[in-house]
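Residue numbers (our numbering), protein chains in the order written: chain C, 1 to 140; chain X, 1 to 140.
Treat the hints as calculated values from the structure; they're not laboratory data.
It does not matter which identical chain is used: a pair holds within one copy or between any two.
Under the rule of at most 20 Å between Cα atoms (straight-line distance), these lysine to any residue pairs were calculated in the SDA-like manner: (1) Lys76 x Asn125; (2) Lys119 x Lys139; (3) Lys119 x Leu107; (4) Lys103 x Ala123; (5) Lys119 x Thr31; (6) Lys76 x Val129.
Quantities reported herein were computed from a predicted structural model and do not represent experimental measurements.
Number of protein chains: 2
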Amino acid sequence: MNTKVHDILRRNQLSVTESREKILNLFLTNTRALAHADIEHKAGERFDRVTVYRTLQTFVEKGILHTIPTADNSVKYALCKNDCFEGHHHDNHYHFICAVCGKTECLEDFVIPSVRLPKEYLANNVEIVVNGICSACRKK
Amino acid sequence: MNTKVHDILRRNQLSVTESREKILNLFLTNTRALAHADIEHKAGERFDRVTVYRTLQTFVEKGILHTIPTADNSVKYALCKNDCFEGHHHDNHYHFICAVCGKTECLEDFVIPSVRLPKEYLANNVEIVVNGICSACRKK
DNA sequence: AACCATGTGCAACGGCGTTGCAAAATATAT
DNA sequence: ATATATTTTGCAACGCCGTTGCACATGGTT
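Whenever a hint applies, use it, and build me the whole structure from the sequences.
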């Protein structure tokens, strides 16, 4: 398959297997975030449920993917940017979900606004999900 | 039971039943948000699963409760402030979850910061969940 | 008190995510 | 290149979660 896919796997000390190559390739060829189900029944491909779960979990642990919580309580996955590859995950962006087409995007270009907290509270991580309508759907 | 509980139910055109009274009372006597499981096995009480689901759903529809998405993909419920009682839900605050004690709070006093979006994108609703450590747990 | 509307509890179901284990695939050493 | 060790996969099974249909009970209304 793709050399890039191969490289990413090796860089993260992962054996290069068919499932991992195919699943990782889905993310590289898709800009939008994918849910577990999207992957399981991906066009033509049929991955075993368990393999998909384990592969996604491995990718998240390695910092190749990150999760995006959604309002309906499902989880989507998206590629991390380069500086996550080394293992320490930087979640310094927020996410947008289009109510019409369901597209889920990482808004990489915008920095998380600082949030205020009660006295003595400590923030570790701020999750922001913006629900709305994307430009493509507004034009329809 | 409590007059206040009774009033809230009537104000929302809901029959006053034992389960509803007890469940609503749990929220009035608890500052922190509650998950479905918290309610189902609440100290001494044993509510039927189905009743809890339906009751929570009803309360959310009526604007008595609102949901808080969490990172681990569970849902917690918390009381809405007064101006939600009328049926239109104002979600103008964000939430804090303590990593140590699990306490989940509505930060009512802080306004959602404005987020920037790509051109032509429209924001409907912004969900913010801050994960961190609360003051009580920091002092331990 | 009696009737009607509404809510409850049980049983059952399907879906999701996990685990154990044997077989297969991949990596490593010779 | 082959053999061995390690890792990954796929199957079967399980338990949990949330939902639905239906009979019964409870609360509201006259």
